[in-house]
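Going down the list, the sequences are from chains G and Y. Position 93 of the first sequence, counting from 1, maps to 104 under the numbering used here, and the rest follow consecutively. Position 87 of the second sequence, counting from 1, maps to 122 under the numbering used here, and the rest follow consecutively.
Check the hints yourself; a few may be wrong.
Said to hold, decoys possible - Derived Cβ-Cβ restraints for the label pairs, each shown as a range: (1) G/Lys79 to Y/His112: 38 to 46 Å; (2) Y/Thr42 to G/Lys79: 37 to 45 Å; (3) G/Gln25 to Y/Phe77: 24 to 32 Å; (4) Y/Arg142 to G/Lys65: 21 to 29 Å; (5) G/Ile64 to Y/Thr37: 43 to 51 Å; (6) Y/Phe77 to G/Gly107: 17 to 25 Å.
Bear in mind the hints are in silico, worked out from the structure with no lab data behind them. Even glycine gets a Cβ: it sits at the ideal position worked out from N, Cα and C.
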Amino acid sequence: DQQVKQNSPSLSVQEGRISILNCDYTNSMFDYFLWYKKYPAEGPTFLISISSIKDKNEDGRFTVFLNKSAKHLSLHIVPSQPGDSAVYFCAASYFGNEKLTFGTGTRLTIIP
Amino acid sequence: DTAVSQTPKYLVTQMGNDKSIKCEQNLGHDTMYWYKQDSKKFLKIMFSYNNKELIINETVPNRFSPKSPDKAHLNLHINSLELGDSAVYFCASSQPQGKAFFGQGTRLTVV
């Protein structure tokens, strides 16, 4: 049972434009959501997170939006840069259950 | 100074062998994890330890045995390796309800 889903396996965006990565979840107990970035042959690196009490969190070029009623979150990267090319994983957890449940990832390619 | 380090980075071994992967974190976190990334690139929790105590054990074959000698270390021992165990194994650590920091991964290939 895939509780966290990233329906787009890949996405290509022109450099300088906005990249939007999407994530859907099914478990209503999730109250903490994270985005990780992963380069080949490296471990996932934390990017940004959001608690369920918020609907938006911003950190530099990265903004995460949470729509609890739709059980949907998105990561916006603007402007996109070549170094942003990586696989992005959405993850979720809830209080009392510390494990992260990951989506299947979206490979983002920034075209110079 | 690496926050979460795991060794080895690559491990090639024959079916039936026993192998261990070591993990150490210097972040002072209480919780450590092992995740497995399979051939479909799906990252899934295997085990979680909090202060040397096992708190999560997903449906993992009992050939996999984690050991936490102290809260900074969580090792993974695998007995009687099978072809299907080939994957990338990631160690991670976090504080409760905090972001997890991952090691670089160990690519295990069973031949």
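Outcome of the hint check:
{"no.": "1", "hint": "G/Lys79 to Y/His112: 38 to 46 Å", "verdict": "holds, 41 Å"}
{"no.": "2", "hint": "Y/Thr42 to G/Lys79: 37 to 45 Å", "verdict": "holds, 41 Å"}
{"no.": "3", "hint": "G/Gln25 to Y/Phe77: 24 to 32 Å", "verdict": "holds, 29 Å"}
{"no.": "4", "hint": "Y/Arg142 to G/Lys65: 21 to 29 Å", "verdict": "violated, 37 Å"}
{"no.": "5", "hint": "G/Ile64 to Y/Thr37: 43 to 51 Å", "verdict": "violated, 33 Å"}
{"no.": "6", "hint": "Y/Phe77 to G/Gly107: 17 to 25 Å", "verdict": "holds, 24 Å"}
Comparing the model with each earlier hint shows violations of hints 4, 5; every other hint is respected.
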